[in-house]
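S.K.: Sequence:
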Amino acid sequence: MKSFINLADVDQKDLRKIIDLAKERKKKDKENIESSGRLKGKTLIMIFEKKSLRTRISFELAM
Numbered sequence: 004m005k006s007f008i009n010l011a012d013v014d015q016k017d018l019r020k021i022i023d024l025a026k027e028r029k030k031k032d033k034e035n036i037e038s039s040g041r042l043k044g045k046t047l048i049m050i051f052e053k054k055s056l057r058t059r060i061s062f063e064l065a066m
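According to this note's numbering, the sequence shown is numbered sequentially starting from 4.
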């Protein structure tokens, strides 16, 4: 799936896929199951236009 900014740009089928995948990953995380390694060797980038310590820290913890 491509990136999206507006939720209205996502059809119901794709949104359901995103939610189901998120539930599955959350369950695996709670059960301490190794992730599939899809992000292994990848670099994640965060770009913020405005300074916001709370937002930046929230994203760092999520990553």
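The hints are simulated quantities; they were obtained by calculation from the structure and are not laboratory data. C-beta atoms are modelled at their ideal positions from N, C-alpha and C, and glycine is treated no differently. Please note that a few of the clues may not be correct.
[Said to hold, decoys possible] Per label pair, the in silico range of CB-to-CB distance: (1) Lys43 to Glu63: 27 to 35 Å; (2) Lys16 to Glu63: 28 to 36 Å; (3) Asn35 to Gln15: 30 to 38 Å; (4) Lys54 to Arg28: 27 to 35 Å; (5) Lys31 to Glu52: 29 to 37 Å; (6) Met49 to Ile21: 15 to 23 Å; (7) Lys33 to Lys54: 29 to 37 Å; (8) Phe62 to Asp12: 20 to 28 Å; (9) Phe62 to Leu10: 12 to 20 Å.
[To be verified] Only pairs whose alpha carbons sit at most 35 Å apart, straight line, appear in this in silico DSBU-like list of lysine-lysine: (10) Lys33 to Lys43; (11) Lys33 to Lys54; (12) Lys29 to Lys53; (13) Lys43 to Lys20; (14) Lys30 to Lys43.
S.K.: The structure should be examined with respect to each hint, and the outcome stated for every one.
M.R.: These are the hints, each one checked on the structure:
At about 19 Å, the beta-carbon gap between Lys43 and Glu63 misses the expected band of 27 to 35 Å. Judged by the Cβ atoms, the range 28 to 36 Å given for Lys16 and Glu63 holds: they are separated by roughly 32 Å. Range check, Asn35 to Gln15: Cβ separation about 32 Å, and the 30 to 38 Å hint holds. Roughly 30 Å separates the CB atoms of Lys54 and Arg28, a value that falls within the hinted 27 to 35 Å.
A hinted range of 29 to 37 Å holds for the C-beta pair Lys31 and Glu52, which are about 33 Å apart. Distance hint check for Met49 and Ile21: the Cβ-Cβ separation is about 20 Å, which falls inside the suggested range of 15 to 23 Å. Under the hint 29 to 37 Å, the C-beta atoms of Lys33 and Lys54, about 33 Å apart, fit the expected range. Separated by about 22 Å at the C-beta atoms, Phe62 and Asp12 satisfy the suggested range of 20 to 28 Å.
Checking the proposed 12 to 20 Å range against Phe62 and Leu10 shows it holds: the Cβ atoms sit about 19 Å from each other. Restraint check: the Cα-Cα separation between Lys33 and Lys43 comes to about 20 Å, which is no more than 35 Å; the hinted pair holds. Between Lys33 and Lys54 the alpha-carbon distance is near 32 Å, which keeps this suggested pair within the 35 Å criterion. Only pairs whose Cα atoms come within 35 Å are accepted, and Lys29 paired with Lys53 is accepted, the gap being roughly 30 Å.
With a CA separation close to 22 Å, the supplied pair Lys43 and Lys20 stays within the 35 Å bound. Under the criterion of a C-alpha separation no larger than 35 Å, the hint pairing Lys30 with Lys43 is consistent with the structure, at around 20 Å.
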